[in-house]
Amino acid sequence: MNSDLTRATATELAEALANKTVSSVEVTQAHLHRIAAVDEQVHAYLHVDAEGALAAARSVDDRRAAGEQLPTLAGVPIAVKDVLATRGMPTTCGSRTLQGWVPPYDATVVARLRAEGLPLLGKTNMDEFAMGSSTEHSAYGPTRNPWDLERIPGGSGGGSSAAVASFQAPLAIGTDTGGSIRQPAAVTGSVGTKPTYGGVSRYGLVALASSLDQAGPCARTVLDTALLHAVMAGHDPMDSTSIDAPVPPVVEAARAGQVRGMKVGVVRELGGAGYQPGVRARFDEAVQLLVQAGAEVLEVSCPSFDYALAAYYLILPSEASSNLAKFDAMRYGLRVAPGGVDDPSAEQVMAASREAGFGPEVKRRIILGTYALSSGYYDAYYGSAQKVRTLIAQDFERAFEQVDVLVSPTAPTTAFRFGDKLDDPMAMYLNDIATIPANLAGVPGMSLPSGLADEDGLPAGIQILAPAMRDERLYSVGAALERALVDRWGGLLLDRVPQLDGTAVKGA
Amino acid sequence: MTTTSTSTDEVMDYDEAIARFDPVMGLEVHVELNTATKMFCGCATAFGAPPNSQVCPVCLGLPGALPVVNATAVESAIRIGLALHCEIAPWCRFARKNYFYPDMPKNFQTSQYDEPISFDGWLDVEVEDGAGGTEIFRVEIERAHMEEDTGKSLHIGGATGRIQGADYSLVDYNRAGIPLIEIVTKPIAGAGERAPEVARAYVSALRDLMRALDVSDVKMEQGSMRCDANVSLRVRAGDGPTSAAQLDVPLGTRTETKNVNSLRSVERAVRYEIARHAAVLAGGGSILQETRHWHEDTGVTTSGREKSDAEDYRYFPEPDLVPVAPSRERVEALRQTLPEPPAERRRRLQTDWGYSDLEMRDVVNAGALELIEQTVALGASAQAARKWWLGEPSRRANGAAQDLVAYAAQLGFAPADVAALEGMVVAGRLNDSMARQVLDGVLDGEGHPVQVADARGLELVQDDAALEAAVEQVIAANPDVADKIRGGKAQAAGALIGQVMKATKGQADAGKARELILAKLQ
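These protein sequence lines are chains A and Z, in that order. Going from the first sequence to the numbering used here is simple: count from 1 and add 18. Going from the second sequence to the numbering used here is simple: count from 1 and add 29.
Derived by calculation from the structure, the hints in this document are not laboratory data. Keep in mind it's a predicted model, so treat the numbers as computed, not measured. Just so you know, not all the hints are guaranteed correct.
Okay, derived cross-link-like pairs now, DSS-like style, lysine-lysine, Cα gap no bigger than 30 Å in a straight line [to be verified]:
1. Z/Lys181 with Z/Lys215
2. Z/Lys181 with Z/Lys287
3. A/Lys381 with Z/Lys126
4. A/Lys381 with A/Lys405
5. A/Lys381 with A/Lys281
6. A/Lys405 with Z/Lys126
Taking the hints into account, I'd like the entire structure generated from these sequences.
This is the structure in structure tokens:
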């Protein structure tokens, strides 16, 4: 194992912890030092809980010293996206409206992390209420991509992916409503999975779009991702949409990494015009590696995917407009008195607080959603979008009758520069064109690095999609591909990420 | 906006209003279910707990919290639907009703919209037929759907107790998330002048039904049953309210009167709105579609917020919940649990017990039906059971502002006690006055009837010689009264009986004393 504990994978750390060659306090402290050294440049974290993390680490060390048998990842520290409720730790969702809000309860995912003994390093940055693909919509300033600090780390979960990619955490939790785990993984050279909808509890995940949101694992290797996936997943009676079935055998699949005899479908509609040449080149090479590893590759058509983005931007804002109504300054969160009003009514305080507390992207989507649900427009917008959603699910069903998994580039481009798409929402939304169909259909998807694009030397990602509840297939294919790529590269892609220690912000 | 509870609205004389217009009603009744926990979380539902003591992240709508449907509430909803002769949806969803209000934690109410769990039913209600009997009026049910209650606001300061003009407001979220069933009628036409009476009878029949199903406390004064009354008028046509010509006339604009929280208020509010609408329409005005607030004290309604069809709740299916899909077998199993319909049961019991209509009404109004039924089952006569339950226990329950069943239960006073008391009367151990003393003792917590009678030494004097001695003594002491009786005024014996009872410390049989007095003086 690397002598720098922050460079080790979670798998390596877990092994070393189990062998008692290293303590959780040492591992946690190493990451806290790394955060102190580089996060000023990256800004992956909104909140660091050094004290809490070290206390949890000490507890794990004590239990291990006492001879207790501990779960695999016990003692391996982790970062949590700031959209998950953490008891006693601020949870802002990247929004001014929740500045300083400390939940009185843990999200189920967070509770499971604590129960399995993973010290929580802190909360990671994100686009406000997970609306965005760049973290530029965070009320607390953007996160920077460790590959190029002038570029976006993806979004909305840019903080989690950047934390993992800059060795500020071996593992992180993300959430994915339209690609917020997979697209940041792609542009930071890391790995991330959106599990099957219902595979991981949403209890305590501050909802953006309830029917699309899904929490998932972020890490630097496919196996690490699988280990975290296994900790997070499983039925939760507190979430009605949680699936009451055994967790797919993701860890076993990741360890085996076997694609021989599997059928892999390349989605014709995801990868043509609009995709950066370097992204396409790395994708094509990755597909060839799968063929060499024994997979059968064929092209598959999913014609309704062309309407996915349009449907998504009706369903998401509709649900979000309702989910975000609770932020009204009455019970918690930012409260602002309206200017020039002597004796404001509750309604006036609500309006002023929402005006001050929400950023422009959040307001844009609330307005879109409110409009789409309005009487007289409901059928034309929300109703039609739901029909498209059904068609997309049918496209997946037909495709999975022919193949075991589908593949595509994760995002059409590598990381773009800050500000490039901020004033053009459509251009920003197009970043998620390949990831959105999986959310609409509820199927699982993974992104892993496919290499660096020739034109800019930045990471590109390949996306793997599987049928609902067959998450293990992502890991079979992902691990096989990762092995082939690592062989070719002579190490993980992230071994090539610039060192940040003490170096100035890299110029363009 | 109007903020006064005394209205200056003109009203037309009711008879004249009915002579000129045909009233149509729509009643929306909210019933709070008596489940132990809330609709979507595990919080307790007890009434009267300290404010905000029965809350959790779910019912407070904290960020990230999610609802889970209460299976017992769904069961109650299905039973209510079946009892109202509704169809039960094999598959239905919850929907979000979106609007902003401080007592709604999420600023949407999780309700049902176009997919209610039950729909298309009816409930027969009894109204007086004007000839001393009763007549059945069928009220058709549009739907009965599940939803959650909101929190409760208390507006401090200001003249009206409403949010407008208040200095500040307090919100208690204990009520937020309590399971509700909203029962909506189809337009109720054809009632004519009896519309207010039909409205009251309908709400009353619903209340009885909920009690029989044991799904709700249905205490209107505590808000566990609430009624909103929609009223509209249309011009008279044809020869009577049920004539085809009348039913063909399009409905007029309606108002929705809220806050109608007693049976009496339901009747009064409907009657008031009919008279008010009539005055507006007769004066050439038009009715504004709006919410009206009922004022129990002054007996009028005042304008609330305007409510038009333009108000948009942006309903959409609740994505945090999965559909409710009760199997046919489950529905049929629940159908087997339905009680005998209250009206049928009342008719059966009245016949069995030989009560007059008036007696039956008193029993029902006192909430003593079940108590009497159990007492009779323990051997007491129906008349005696009615007499005892409607006497001191009812008086004391009223005094404690409790319903009779709750009062008796709290006291541990059971039908068996009444049966034992009556048993001692029948056996000749106690006379009526002594039995009343025993009852007082039981209600004062001195023990069971036999214990109280023993402890107080209450036992009829069976010794004829002792009684005769007392009678002679009293006659001797009251020669003038005795003369009156001798002169034929038998009713004067009462004064002597009283003295005999006094002399025997109440332990004499008054009937026997009367016989003796009359025998000696006539």
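Hint by hint, here is what the structure shows:
Pair hint Z/Lys181 plus Z/Lys215 holds up; C-alpha atoms about 29 Å apart against a cutoff of 30 Å. A hinted pair counts as satisfied when its Cα atoms are at most 30 Å apart, and Z/Lys181 with Z/Lys287 qualifies at roughly 15 Å. At most 30 Å may separate the alpha-carbon atoms for a hinted pair to count; A/Lys381 and Z/Lys126 meet this at roughly 20 Å. The straight-line distance between the Cα atoms of A/Lys381 and A/Lys405 is roughly 26 Å, inside the 30 Å bound, and the hint therefore holds.
In summary, the hint linking A/Lys381 to A/Lys281 is not supported, as the alpha carbons are separated by about 44 Å, beyond the 30 Å threshold. The hinted pair formed by A/Lys405 and Z/Lys126 meets the criterion: a straight-line CA distance of about 22 Å does not exceed 30 Å.
In this structure, the one hint that does not hold is number 5.
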